[in-house]
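Asker: Model the placement of chain A with the ligands on the given structure of chain D, informed by the hints.
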Amino acid sequence: MKTKLGQDILCHRADMNDHLSRLRDKRAKGQKLKVGVFGITGCAGCQLTILFSEKFPALMDMIDILAVPFVKEQNYKGHFDIIILEGLVSSKADKEKAEELRARCDLLMCIGACATHGCVPAMKNFMNHPEVERAVYAKVDYLNSLDATPVSKHVPVDIELPGCPPDANQIYAVLTDLVLGRPPRITHNPVCVECVKREVDCLLLQGKPCLGPITVGGCDAICTAAGHECMGCRGPTDDANLPAMIQALQDQGYKRKDIENRLHTYASLLVDEQAKMQGVKWEKKLKRKKNG
Amino acid sequence: MGYLLPKSKLNTFLELLMHGSSFIAPVRRKKDDVVVFEELEGKTDLTRLDFTTNPQFTAKKFFMPAYEPLFTYNMKNQKLTDKKITARQRILFGLRLCDLNAVKIQDQLFINPQFTDDHYQAARENIFLVGWYCNTPPSKFCFCESMNLTHYYDLMLRDLPGKKDIYIDVGSPKGEILMRKAMKLKLKEHHEHVPKIRTPKKLKTHDIRKYFDHPKWQKTTESKCLSCQRCTTMCPTCMCFDIYDKTQTDLEHGTRERTWDSCHSKQFTRVAGDHYFRPDRTARFKHRIYHKIVYYPEIFGQVPMCTGCGRCIEQCPTQIDFVELINEMEDGK
Ligand code: SF4
Ligand code: SF4
Ligand code: SF4
Ligand code: SF4
Ligand code: SF4
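As you go down the protein sequences, you meet chains D and A in turn. Numbering-wise, my numbering comes out as the position in the first sequence, counting from 1, plus 424. Numbering-wise, my numbering comes out as the position in the second sequence, counting from 1, plus 19.
Excised from the complex, chain D in its bound form (with noise of 0.2 Å):
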């Protein structure tokens, strides 16, 4: 099953070979490769990752980092091979950095849940702008917010790494195939995987309500393996099975209310795309406003 917004465009480009090629080219000729990191309207949490990692002294060695304005005052202007951005339209402004973004860069890769699929700021989807905003700001008349919508939905995107936040081993290990030129390896399988391949004793099966079954895994479970059942940061699978999910919930005791509010907390656009085309029907008045 493909989902318009779903992990089938983690790496989608058709004209992704000759990218590589290209990438390849630019090694081969001793050049390192231009990469900016930039943020829209999000938490700051996902270029942490980056930034806080103990690989990030190597990724340094490995490509030309020639922005970050989030600790950076003086960044380049210019045109870079690969932008990593994290979060999600949210505003005008958003879109509009998002579009000037696209336009700079060779392969955009969006990282983090919020870039990639929404995310919990997402949810304000389901509200009433005017009064979500209200109980936020003292001023809100600057705003100009639109739907929380992730930047695939306004862009093309190139490569997507789920996760709230992102995993930076899987970040370092796509941008690794990238300056090398290989197309990058990106798991679509659940979080169940790692569970199992760490030898977790099954927390659904205990009775938590976990989504591991169809979340998309390459975060090594690490949520499961201390103990905490998977919220489901990194989105459905392309393939999730929402209603044999939500009746293994219901089977276990959870209310229906309930299960629907958390299938919505990281992921509410993917999972409400994948239940319009399952057939699922939300118990829970969880309309999508007609806002902005």
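Just so you know, not all the hints are guaranteed correct.
Cβ-Cβ distance ranges computed for the label pairs, FRET-style [what the hints assert, rightly or not]: (1) D:SER477 <-> A:LYS223: 49 to 57 Å; (2) A:ALA141 <-> D:ASP439: 41 to 49 Å; (3) A:GLN97 <-> D:ALA517: 47 to 55 Å; (4) A:GLU349 <-> D:ILE646: 26 to 34 Å; (5) D:ASP682 <-> A:TYR263: 35 to 43 Å; (6) D:SER477 <-> A:ASP64: 43 to 51 Å; (7) A:PRO84 <-> D:ASP675: 47 to 55 Å.
The set of hints was computed from the structure by calculation and includes no laboratory data. Beta carbons: idealized from backbone N, C-alpha and C, even for Gly.
Answerer: For chain A with the ligands alone, kept in the frame of chain D given last:
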């Protein structure tokens, strides 16, 4: 051929076996009490042994780890270095007959005249298999009685019901070698038949080709299967793997690794051109069952690839029971 070991001497016997080898056995994991195969650190760990439960996770990781480096490479000088395969002697103790037969199935595939997997073989050659006989099945999901198990072990220990002894059945020359470690116990030679294990749960037929288009497959998978792949990842006989390179950030050094993969995964069926050759959930579920019960025996003789350990049923988050499913088809329900 075999020996009688007084039950009171079991610990001494195991201590003697442990001497000089790595000793792996079912123990209760400290953090959550789950029974797993673990390498014991010393004699004191023998108190953590568990004889009542078949470990939740299988012993296949000792033959082919979940993530296994195959070789390292250096792109600068174009050199490959084979991963040093450790030749340490390992004793795997406490495998049930089902898991011992799982080793047989993997042996048939990875060590055969047409093809030998060096890494598997190196690990396998240094492993001694010491089984623990099931007087009663440890789980209600066991159905090994229906799976044509054979006596595939170096030694098998059977706690003789109502007697003071454990019968040690020697199943191979390697088992005889291992027994030399316990020479000073001066065990009495003895021979008796190791009986077939009886399980209340049974698979009524292996002849399931005729059910290939049965509507029950689809009904069950659509309503229950999450395609989570727990079943295949936990299965002691599943042997599919994926291979990839892990390059270090210096871009010169790297490791080629393999990791377990699964036919339940949609990505597993993805080939060039973004084509999925088995995109349908039911087709994937069926492929697992048919590989186990039909395709494998067609290639390797009449032994199915499923040993009846029951893990894929007990550990499926929605408890899909393929044995029940086939039985219902057979009963015409
Ligand atoms: S704990 Fe969650 S992620 Fe892990 S195997 Fe169970 S359902 Fe899957
Ligand atoms: S399946 Fe058979 S051999 Fe395996 S644990 Fe159960 S009873 Fe023992
Ligand atoms: S464990 Fe169960 S739900 Fe998961 S893939 Fe296997 S049969 Fe399907
Ligand atoms: S298919 Fe299931 S019952 Fe058979 S060997 Fe694998 S895990 Fe055990
Ligand atoms: S094809 Fe499927 S059932 Fe067969 S060994 Fe591979 S993962 Fe297991």
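Asker: For every hint, state whether the structure bears it out.
Answerer: Verification of the hints:
1. Roughly 55 Å separates the CB atoms of D:SER477 and A:LYS223, a value that falls within the hinted 49 to 57 Å.
2. Hint check: A:ALA141 to D:ASP439, Cβ distance near 44 Å, so the stated range 41 to 49 Å holds.
3. Look at A:GLN97 against D:ALA517: about 50 Å separates their beta carbons, and that is inside 47 to 55 Å.
4. Range check, A:GLU349 to D:ILE646: about 44 Å between beta-carbon atoms, so the 26 to 34 Å window is missed.
5. Checking the proposed 35 to 43 Å range against D:ASP682 and A:TYR263 shows it holds: the Cβ atoms sit about 38 Å from each other.
6. Separation of D:SER477 from A:ASP64 is about 37 Å and departs from the stated range, judged on CB atoms against 43 to 51 Å.
7. Under the hint 47 to 55 Å, the C-beta atoms of A:PRO84 and D:ASP675, about 34 Å apart, miss the expected range.
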